[in-house]
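Chemist: Could you put together the complete structure from these sequences and hints?
Adding 2 to a residue's 1-based position in the sequence shown gives its number in my numbering.
Watch out, some of these pointers could steer you wrong.
Said to hold, decoys possible - Dumping the calculated DSBU-like pairs for lysine-lysine here, alpha-carbon to alpha-carbon at most 30 Å:
(1) Lys69 to Lys10
(2) Lys4 to Lys83
(3) Lys81 to Lys70
To be verified - Derived DEER-like restraints, expressed as beta-carbon distance ranges:
(4) Leu98 to Phe131: 16 to 24 Å
(5) Thr74 to Phe40: 27 to 35 Å
(6) Arg151 to Ile31: 18 to 26 Å
(7) Trp12 to Gly36: 34 to 42 Å
(8) Met32 to His126: 40 to 48 Å
(9) Arg151 to Asn37: 50 to 58 Å
(10) Arg151 to Phe40: 47 to 55 Å
(11) Lys4 to Phe170: 19 to 27 Å
Simulated from the structure, these hints should not be mistaken for lab results. Everything numeric in this text was worked out from a predicted model, so none of it was measured. Beta carbons: idealized from backbone N, C-alpha and C, even for Gly.
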Amino acid sequence: MKLLLYLKHWQLFLLIVGLPLLFDFVSTIMLAQGNLSFITIAFLITMILVVVVLLGWFYTLGINLYKKIPDTVQMNLRKFKLFLIIPVVYILFLQLFFFNTFSKTIASEGEAVVRGAEFLIPLHLFCMFCILYCLYFNAKALKAAEWQRPVTFSDFAGEFFLLWFFPFGVWVLQPRINSLFAEDKGMVTTSQRNTFS
Numbered sequence: 003m004k005l006l007l008y009l010k011h012w013q014l015f016l017l018i019v020g021l022p023l024l025f026d027f028v029s030t031i032m033l034a035q036g037n038l039s040f041i042t043i044a045f046l047i048t049m050i051l052v053v054v055v056l057l058g059w060f061y062t063l064g065i066n067l068y069k070k071i072p073d074t075v076q077m078n079l080r081k082f083k084l085f086l087i088i089p090v091v092y093i094l095f096l097q098l099f100f101f102n103t104f105s106k107t108i109a110s111e112g113e114a115v116v117r118g119a120e121f122l123i124p125l126h127l128f129c130m131f132c133i134l135y136c137l138y139f140n141a142k143a144l145k146a147a148e149w150q151r152p153v154t155f156s157d158f159a160g161e162f163f164l165l166w167f168f169p170f171g172v173w174v175l176q177p178r179i180n181s182l183f184a185e186d187k188g189m190v191t192t193s194q195r196n197t198f199s
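Modeler: Have a look at this one:
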């Protein structure tokens, strides 16, 4: 998973946004041909792919940035891991639940009843809170690793919103992440080359 830290911004963008769009494009073609069973499977695969890549990037980023922050910055790594596992389990469960429901709906020509949906709203809200905490953790860890000192929310609010709106933020944040981890991989960045010449 550490490979995600070394990807260029465009490569990460293609993984997070490009592949799901490709699956959606293929699903639209299959829908036009009347192949409904393929659409449910493609949607399931697309969502699992997005969860694995995006939340895998969040996890890899959080774990490795935590190693780079100074001891004066207090952050709870266990809480971060727990709050990241909860959305993964929830989203995968939700996808399997809806896959099962839609399969029954297609088989019975639209007569399946969704049971237990009233529990989804509080679970969904809690899952959103967990993801926002993970964004907060990663934004704070990124800024603290760059500045090597404690930071406040006003210091890393920009990073927080760039992570939140990741299709745009990946273009700004990933080059900075590449620079932070370039020395770990033995890479030399352009800014480092300029200091030597």
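Chemist: Taking each numbered hint in turn, which are not upheld by the structure, reported in ascending numerical order?
Modeler: Hints 5, 6, 8 not satisfied by this model.
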